[in-house]
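Peer 1: Residues per chain are reported as follows:
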Amino acid sequence: MNSPLFIFCLWINLLISSSLTWASPEQDRKQILTFYQQLFPQLQFADYAQGVYAIDSDAKSSWQAIEEFPPYEFALEEGKTLFNRPFNNGARYADCFPNQGIAIAQNYPYWDEHKQSIITLASALNDCRLQNHLPALPYAKGKITKLLAYMAFTSRGQLIRTIIPEHSPQALNAYEQGKAYFYQRRGQLNFSCASCHIDNAGKFIRSEILSPALGHTTHWPAYRLNTGEMGTLHRRFMACNKLIRAPIDAAQSPALRQLEFFLSYIANGLPLNGPSTRK
Amino acid sequence: MKKTVSLFLLVLITACTYPKIQQDLSIGKQLSFQRNKGNCLACHVIEDGEAPGNIGPALVNIPTRFTSKEDLKAFIWDATQFNAHTSMPPFGKNKILTADELDHVVDYIWSLK
Chain A
1 MNSPLFIFCL WINLLISSSL TWASPEQDRK QILTFYQQLF PQLQFADYAQ
51 GVYAIDSDAK SSWQAIEEFP PYEFALEEGK TLFNRPFNNG ARYADCFPNQ
101 GIAIAQNYPY WDEHKQSIIT LASALNDCRL QNHLPALPYA KGKITKLLAY
151 MAFTSRGQLI RTIIPEHSPQ ALNAYEQGKA YFYQRRGQLN FSCASCHIDN
201 AGKFIRSEIL SPALGHTTHW PAYRLNTGEM GTLHRRFMAC NKLIRAPIDA
251 AQSPALRQLE FFLSYIANGL PLNGPSTRK
Chain B
1 MKKTVSLFLL VLITACTYPK IQQDLSIGKQ LSFQRNKGNC LACHVIEDGE
51 APGNIGPALV NIPTRFTSKE DLKAFIWDAT QFNAHTSMPP FGKNKILTAD
101 ELDHVVDYIW SLK
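For the protein sequence lines, the chains are A and B, in the order given.
Per my numbering, the very first residue in the first sequence carries number 1; after that it's consecutive.
Per my numbering, the very first residue in the second sequence carries number 1; after that it's consecutive.
FYI, nobody ran anything at the bench for these hints, they're computed from the structure.
One should not assume that every hint holds.
Derived lysine-lysine pairs resembling DSSO-like cross-links, with alpha carbons at most 30 Å apart [unchecked claim]:
#, chain 1, residue 1, chain 2, residue 2
1, A, Lys279, B, Lys37
2, B, Lys93, A, Lys203
3, A, Lys242, B, Lys93
4, A, Lys203, B, Lys73
5, B, Lys37, A, Lys203
6, B, Lys37, A, Lys242
7, B, Lys73, A, Lys242
8, A, Lys203, B, Lys113
9, B, Lys95, A, Lys242
Use the sequences and the hints to build the structure in full.
Peer 2: Right under this line is the structure:
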């Protein structure tokens with residue numbers, strides 16, 4: 001019974017079963033969802049689109065009061081004007097997008113098989129500008145947040161639909177890289193994104209409650225009361241990396257696009273509600 | 001005579017060292033509270049510190065929690081040695097605090113009854 005062949009087979013079986021413990025994106029998503037459902041049994045799934053306010057009842061009422069006269073309104077108006085103004089060549093942003101760019105934010109980011117890269121809504125806007133011989137806009141704040149605010153607004157209520165194409169190992173790899181980034185400890189303070197937004201979600205760090213990572217991509221761009229400015233999702237990633245004294249990856253760098261791809265995938269099915277206001 | 005001298009010396013020594021200890025503790029306290037230094041309040045309730053977080057336990061009864069000051073120091077130096085999954089930053093190992101600052105913090109935290 002204890003023949004070398006038997007031991008060899010046992011060994012092969014072990015190898016196979018250990019590789020089976022590798023989790024698919026769908027398993028990751030379900031596992032994270034279950035984790036938060038146990039942590040915050042009072043929340044409905046859609047509540048996660050409200051970020052930290054879903055679990056911070058004190059801050060929620062002042063947030064709702066602010067939303068009556070939202071500080072992002074100017075950006076939204078300007079964004080609409082910018083979006084509809086023809087370029088010098090007569091073309092418009094709308095011409096670069098499906099459905100004239102209306103109500104499509106839920107389909108971003110996506111994996112572009114042809115370009116072999118992740119296309120985010122922000123990068124698609126700049127691609128459109130480059131095609132029309134206009135310089136790219138900076139990605140963290142400024143003009144791009146206005147365009148994004150308008151596009152997000154027309155997409156309110158749409159459900160996030162992030163797809164990892166089947167039979168595309170590169171797309172899966174991009175997702176896996178984003179996931180690894182999320183769980184990797186970094187910086188002088190040795191935190192990972194998960195240390196704060198999974199392990200300690202709902203707890204106080206000083207006087208701030210830590211938001212769950214589920215819902216991190218629903219509401220961008222955001223007007224931050226802290227800075228008095230509109231900022232993109234990637235600007236927030238940069239702020240968190242600065243907080244933990246880690247190297248700051250640039251907005252729309254491959255690493256941050258992968259991170260967005262991962263976070264957006266696990267948020268599949270959540271309603272979009274950008275632009276928004278945050279502390 | 002000998003007795004008076006030694007009593008005098010004792011008083012003198014106490015008088016000189018007592019305020020020093022007090023002062024040292026206040027340095028450690030400041031370093032523990034300061035956001036750009038220990039920022040221990042981000043995660044721990046400590047005495048009268050304002051707006052403490054609740055990621056870690058309240059820092060009380062410290063001498064009953066550690067067998068010696070050296071043990072406490074080792075923990076603050078690098079808490080991941082004792083719990084790989086901890087969210088507490090490795091203050092000494094990652095040079096968040098200098099060796100001198102760390103000693104002040106240890107003196108102060110050790111004093112928390």
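Peer 1: Each hint: holds or not?
Peer 2: Each hint, compared with the structure:
no. : hint                   : in the structure
1   : A:Lys279 with B:Lys37  : 24 Å, holds
2   : B:Lys93 with A:Lys203  : 26 Å, holds
3   : A:Lys242 with B:Lys93  : 19 Å, holds
4   : A:Lys203 with B:Lys73  : 26 Å, holds
5   : B:Lys37 with A:Lys203  : 21 Å, holds
6   : B:Lys37 with A:Lys242  : 15 Å, holds
7   : B:Lys73 with A:Lys242  : 27 Å, holds
8   : A:Lys203 with B:Lys113 : 25 Å, holds
9   : B:Lys95 with A:Lys242  : 17 Å, holds
Figure legend: structure checked against the earlier numbered hints; every hint is met.
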